[in-house]
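S.K.: Heads up: the sequence lines are chains Y and S, in that order. Numbering follows this note's numbering, in which position 253 of the first sequence is assigned residue number 253; successive positions increment by one, without gaps. Numbering follows this note's numbering, in which position 244 of the second sequence is assigned residue number 244; successive positions increment by one, without gaps.
Check each hint, because a few of them may be wrong.
[What the hints assert, rightly or not] If you only want the chain Y side, here are some residues facing chain S, beta carbon under 8 Å, derived: (1) Y43; (2) R46; (3) L72; (4) S76; (5) R80; (6) S95; (7) D115; (8) E118.
Worth flagging that the hints you see were computed from the coordinates, not collected in a lab. Beta carbons are placed, not taken as given, at the ideal position from N, Cα and C, and that holds for glycine.
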Amino acid sequence: MIKVFHLNKHFRIAQPGQGVAGKLRALIAPQYKTIRAVDDISYTIRAGEIIGYLGPNGAGKSTTIKLLTGVLVPTSGEVRVGGREPHRNRIANASQIGVVYGQRSQLWWDLPLVDSFEILAAMYRVPSARYRQVSDELVALLQMDDFLNQPVRRLSLGQRMKGEIVAALLHEPPILYLDEPTIGLDVVAKNRILQFLQTINAQKGTTIVFTTHALSDVERICPRIIIIDRGKVALDDSREAILNRFGRMRQLVVEFEDYIQPVALPAGRVIKQENNNLTIEFDREQISAFDLILSLKDQTGIRDIAIKEENIETIVTRLYEQAAR
Amino acid sequence: MSAFSGARGLSGEIWAAAGLIRASVQEKLVYRFDLLVTLVRNLILITIFRFLWLSLYGGQAEFGGVSLNQTLTYATLGIILSPLFPNSLILDVGGRIRSGNILFDISRPLHFGSLLLYQMMGQFVAALATSAAPMFLIALALGELTLPTSGWVWLAFGVSLALGFFIAFWLDFIVALAGFWLTETWGLFYAKWSVVDALSGKYLPLWIFPPFLRGLALALPFRGILYSALAIFVGQVPLEKIPAELGFQLVWALMLTLMGRLGYVAAARHLSVQGG
């Protein structure tokens, strides 16, 4: 379905120069810096897969999506989507894909949400009867009836994101790209959307590429995860393999009423201890956070507790550490 | 795997166009207050220009072969019709490039130029129904307009107006493409606005220009936006010269369409290589 082979995308960025003298110099003789946004990437995505495309900010996730949609032309290498080169067949490619950008909106701000759907259906030349069938189905799945007639600008972020996703699916594209669709969403809205994507994938066989920087987003629905960093594929593996390597570690941060006595932990290790705060790293397969907290009950009163998952930055760091070893 | 079920070819294009036109009509109708402001603004402008021309004519019924009634009709109609024509696409396109929302526009199964064209056609229809038509009736009731008597003139006026729309759109589109290279578009917007205001004959009929300027204005495409239709309406283009006037507009409309399409290819290449 999607094939990427030794793909490169480099940008030449003009450097503005520092201070007045520097800027004047840049005006006459601009200095350029080359940025390798996508650096020799290769992979194949089969029809019907859900891919979690994971990476820190600036890793090249959005650039990859733009190359796959045909908005950007590769510097070198090959992209094929459904056998076509997207940038050479932009319009033919456009009707085969749906795109959602979490930080942008493709909806008509001042019109009721349902109007945006109708406009997009017309733009993608979906016959009226088919449009009604598809939109009824999607709207029911995401329970959107009560805000369908509200102007988009009055919707909450979660409601709007549901609208964005339905908007991208009205022409029933075989491929759906989602660029950070969960950004800023609360847990309930996020879960509903993740579940919905899983349903769509199961029922319609839609191939889904889902970018995010949160491992927890992709671990539930993506059987395959590609981690990219600084434009390169750092890891391309099954969910199980990746979670086994990185998803098990958690951090428990405890704030006590008073100074901490030395503690003996049943499992995990203390990685930071200052004043009233204690940070413990533990493997959730070895001990649950609850048991760990219980083991601390002999200390003076606990004021606050937080459990942190590993974020993508630390995972990427650890990947490099392991590779170096 | 679900296949794409949409209609293709010309009927598909018309289907898409109709959807976009309907969308911009709806969008315009949302801003009721805006419509009211336009109405009031037009009334004020019409009044100002009425008194201006009355004093310039100084009680004479004719000046340089053009009657006061013709001039008043020209000025009034110019004010009423000019909001129909796209003139600020560059702000729109520039804004969408800066915000990055251009990503959506260029991932549609439609040419970017067509997408904007259909949206502007929607605005044309909306402005015609909500502002130009009621203003026309008000102006008529106030006795500001002298209507043509020949059906042919009415027909030519309608055709000329439509051609003027295409000229205005593609000129605006070509200027808007500069937004793909520039980050700041206000300067260009004002420059273009002034040129169009002066050379399209929006406020001043081109026949009162000094000979050199008149020659220039008549040779440039801007005249096809508004002047052609107005001059036909008030009878400054004799019946036998109407085909030539419409031909001038048609040639420019086609040339500008071609230039716009070619310009967009270059702009899209720039965007897709540089990443905007």
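S.K.: Failing hints, ascending?
M.R.: 1, 2, 4 and 5
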